[in-house]
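Novice: The chain contents come next:
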Amino acid sequence: MSRVWTLLLLKHGAVIVAGVAVGALYGYPIHGLLLALACLVVWHLFNLHRLERWLQEPKRVMPPGGDGVWARVFARMQFLTDRARLARRRFRSLVKELRASTKAFPDGGIILNDRCEIINFNKAARTLLGLKKKADRGKRIDNLIRNPSFVEYLESDQRKRRESVEIHAPGTGDKWLSCRLIPYGPDQSLLLIRDITQTVRMEAMRRDFVANASHELRSPLTVIAGYLGALAEDENAPATWAQPITEMQEQADRMSRLVRDLLELSRLECGVSSAMDQAVDIAAMLASAKKEILAENESTKRIDIEVTSDARVLGEESEIQSVVSNLVSNAVRYTPADGSIVIRWDVDDAGGHLSVADTGIGIAEDDIPRVTERFFRADPGRARQQGGTGLGLAIVKYALKRHDASLEIRSKLGEGSSFICHFSPRRLAASSQKIE
Amino acid sequence: MESDQYGMHISRKFNDELETLRNDVLRMGGLVEQHLERAIEAIIAGDSEMGLSVASEDYKINELEVSIDEECSRILATRSPAAADLRLIVAVIKTITDLERIGDEAQRIGNLAAQLATDIRPHDHYSELKILAEHVQSMLHDSLDVFSRLDTKDALVIVEEDKLVDEEYDQITRQCISLMMEDTRTIRRFMDMSWVARSLERIGDHAQNIAEYVIYMVHGRDIRHVRLEEIKKEIGAT
Chain G
7 MSRVWTLLLL KHGAVIVAGV AVGALYGYPI HGLLLALACL VVWHLFNLHR LERWLQEPKR
67 VMPPGGDGVW ARVFARMQFL TDRARLARRR FRSLVKELRA STKAFPDGGI ILNDRCEIIN
127 FNKAARTLLG LKKKADRGKR IDNLIRNPSF VEYLESDQRK RRESVEIHAP GTGDKWLSCR
187 LIPYGPDQSL LLIRDITQTV RMEAMRRDFV ANASHELRSP LTVIAGYLGA LAEDENAPAT
247 WAQPITEMQE QADRMSRLVR DLLELSRLEC GVSSAMDQAV DIAAMLASAK KEILAENEST
307 KRIDIEVTSD ARVLGEESEI QSVVSNLVSN AVRYTPADGS IVIRWDVDDA GGHLSVADTG
367 IGIAEDDIPR VTERFFRADP GRARQQGGTG LGLAIVKYAL KRHDASLEIR SKLGEGSSFI
427 CHFSPRRLAA SSQKIE
Chain P
505 MESDQYGMHI SRKFNDELET LRNDVLRMGG LVEQHLERAI EAIIAGDSEM GLSVASEDYK
565 INELEVSIDE ECSRILATRS PAAADLRLIV AVIKTITDLE RIGDEAQRIG NLAAQLATDI
625 RPHDHYSELK ILAEHVQSML HDSLDVFSRL DTKDALVIVE EDKLVDEEYD QITRQCISLM
685 MEDTRTIRRF MDMSWVARSL ERIGDHAQNI AEYVIYMVHG RDIRHVRLEE IKKEIGAT
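Chains G and P, in that order, give the protein sequences. Start counting the first sequence at 7; every next residue gets the next number (the working numbering). Start counting the second sequence at 505; every next residue gets the next number (the working numbering).
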């Protein structure tokens, strides 16, 4: 037993003994005892009352002093409340800091629950999307941002979801927003919203410039090629000019191919995913691509086609055609005469896979990520002689992007390369299925 | 008013049905908004391809209207809703009709855009149309926001705003007439232009209707053809 308690018990004993003694002095020891007990009860009640009042209004009433065990109770109580107050103050300032930092955040952030209902959002989200501070909590986000591509993005399966979706800001105004959904915790997700107006505008300017420039180049080229054709057939032309004219014709040809590819690229680049209204028969397309190549080149290269599925791809036929022809002509271009090319089309649970594998010169590992860049040359000297424009793989990349497909490149220098296009299952249709 | 007023039925499934119904209407609204936006862009940018694609995709809106309509009749038949629920269903049936009409107007604007794109473009790139279009677009957007928030104050703002749209429409019509008188060769183009303005003005009316249905849905008061001051007083009082 601690000292305070011993003291308390001693004090109580002393009061009782004193009461009984004083009572006995007057001949009423029982009354004396009762009086002493009543005094003790009053003392305790008084302290309890002080404690209660202080607890009710800790700010206005001074903490009681008290003595004995009550002093200890009061002190302990004071300590606990002070500590709690301090913790609360700290917590409040932390929340304030966090609020201030999310407020300063230039990107909009919205916390959603698993039913896509808004739990909270910051100031940027409010200004970017026109949300209302109090009224919109608990509302479903797709009721307020009704853009169909956003709703589709929101509802898509988490594993197959694209990284982000670009939408026009709701209401009027020419703002572009990039929205990204990041799931966290058991059933919440964070919707990040970024203003990408500037980027979109710059991109559009660049695209317009390339498209306009290529378009402007086309007409002078046609004139040059026309006159060169006439000159080549002119019998009166001096014989010494024959060689230069052929060379000029070749270069003009190359240039017009370049312009054509640039124009196609700038058309594909607009990034919108293409319609799904045509069912493209890949097997038939591969067969005709092979025929075309064989008709053009009289080489001994072997071209094999392995088709294990008659599934069709939903999309734009001309664009898939350009994917196939670019991949196949690349393979032919970079494969030596004794090499072979295998074109494969098969479908599994992950989707459709179109692969073009060759035993050509291959690509160095460092160059693989860069080959789809415009005008990228692994070996600047060689590729130009082969007759490519340097835009083929860029066209393939963008055409596939418009079909929600991805391009995988596997290659080893000197052993050959394979280009595999992965189409997602929702872009596939069985051959028997009717397309509306 | 909270949307939670539809979350208080004993039958959980009924709650879900009403919630889904509202979501479907707003989804249809989103599609209509997108169509309108693209149709207007087709006019301003002179993009005939985009105009035609808007016109050809109107069937999507029609399909949604039919399916929502069916769902409404089904709920009416199986749940026999009362009071606020009944008002919701009635408002939904009316709202989708207006949305579908807006879709039709967007389709018409798309077709006109394709026609106008083949003609000479005016120097101002249809700037008056653009202003009117932006106004109407924001009205439609706000009316759908009001529908999702059940915010009757904003609904009244939209109802008032329609007057401005009508004024802008009058201005464009007057301008078209005077330009046609100046040069008779441009009559065809300005006729088309005034048709576009007409469609936009109609869309403004439909957006106003949607805002009115929201007031009906929340307060149970039909405010069509009632003076605005009276409505304000009444709704302010409740």
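Possibly wrong hints are sitting among the right ones.
[What the hints assert, rightly or not] Cut-off 25 Å, straight-line C-alpha distance, at most; resulting in silico cross-link-like pairs (BS3-like, lysine-lysine):
1) 657(P) to 138(G)
2) 140(G) to 736(P)
3) 181(G) to 634(P)
4) 736(P) to 138(G)
5) 102(G) to 138(G)
6) 145(G) to 598(P)
7) 657(P) to 129(G)
8) 139(G) to 517(P)
9) 598(P) to 181(G)
10) 145(G) to 634(P)
11) 657(P) to 736(P)
12) 109(G) to 181(G)
13) 657(P) to 140(G)
[Claimed, not checked] Listed next, the stretches of chain P that the computed footprint assigns to chain G, with coverage defined by at least 3 CB atoms under 8 Å from CB atoms of chain G:
14) 537-544
15) 591-600
16) 670-677
[To be verified] Computed beta-carbon distance windows for the label pairs:
17) 84(G) to 524(P): 26 to 36 Å
18) 524(P) to 430(G): 21 to 31 Å
19) 381(G) to 668(P): 48 to 58 Å
20) 221(G) to 668(P): 57 to 67 Å
21) 626(P) to 311(G): 51 to 61 Å
22) 256(G) to 622(P): 38 to 48 Å
23) 622(P) to 342(G): 27 to 37 Å
24) 668(P) to 161(G): 29 to 39 Å
Bear in mind the hints are in silico, worked out from the structure with no lab data behind them. Glycine included, C-beta positions come from ideal geometry on N, C-alpha and C.
Novice: Look at each hint and say if it fits the structure.
Specialist: Hint-by-hint comparison with the structure:
1. 657(P) to 138(G): With Cα atoms ~13 Å apart, residue 657(P) and residue 138(G) stay inside 25 Å; holds.
2. 140(G) to 736(P): holds, 23 Å
3. 181(G) to 634(P): With a Cα-Cα distance of about 16 Å, the restraint between residue 181(G) and residue 634(P) holds, given a limit of 25 Å.
4. 736(P) to 138(G): Within the cut-off at roughly 22 Å; holds.
5. 102(G) to 138(G): Distance of about 21 Å is within 25 Å: holds.
6. 145(G) to 598(P): holds, 23 Å
7. 657(P) to 129(G): holds, 23 Å
8. 139(G) to 517(P): violated, 30 Å
9. 598(P) to 181(G): violated, 32 Å
10. 145(G) to 634(P): violated, 32 Å
11. 657(P) to 736(P): Judged against 25 Å, a Cα distance of about 9 Å means the pair holds.
12. 109(G) to 181(G): holds, 20 Å
13. 657(P) to 140(G): holds, 15 Å
14. 537-544: Held - the region 537-544 of chain P has 3 residues with a Cβ nearer than 8 Å to chain G, which meets the minimum of three.
15. 591-600: Answer violated; 0 residues pass the 8 Å Cβ test.
16. 670-677: violated (count 0)
17. 84(G) to 524(P): 26 to 36 Å: violated, 57 Å
18. 524(P) to 430(G): 21 to 31 Å: Since residue 524(P) and residue 430(G) have Cβ atoms about 27 Å apart, the given range 21 to 31 Å holds.
19. 381(G) to 668(P): 48 to 58 Å: Once the Cβ atoms are compared, 53 Å apart, the range 48 to 58 Å for residue 668(P) and residue 381(G) holds.
20. 221(G) to 668(P): 57 to 67 Å: violated, 42 Å
21. 626(P) to 311(G): 51 to 61 Å: holds, 55 Å
22. 256(G) to 622(P): 38 to 48 Å: holds, 39 Å
23. 622(P) to 342(G): 27 to 37 Å: Violated, at about 53 Å.
24. 668(P) to 161(G): 29 to 39 Å: Since residue 668(P) and residue 161(G) have Cβ atoms about 36 Å apart, the given range 29 to 39 Å holds.
Consistency note: the structure conflicts with the earlier hints numbered 8, 9, 10, 15, 16, 17, 20 and 23.
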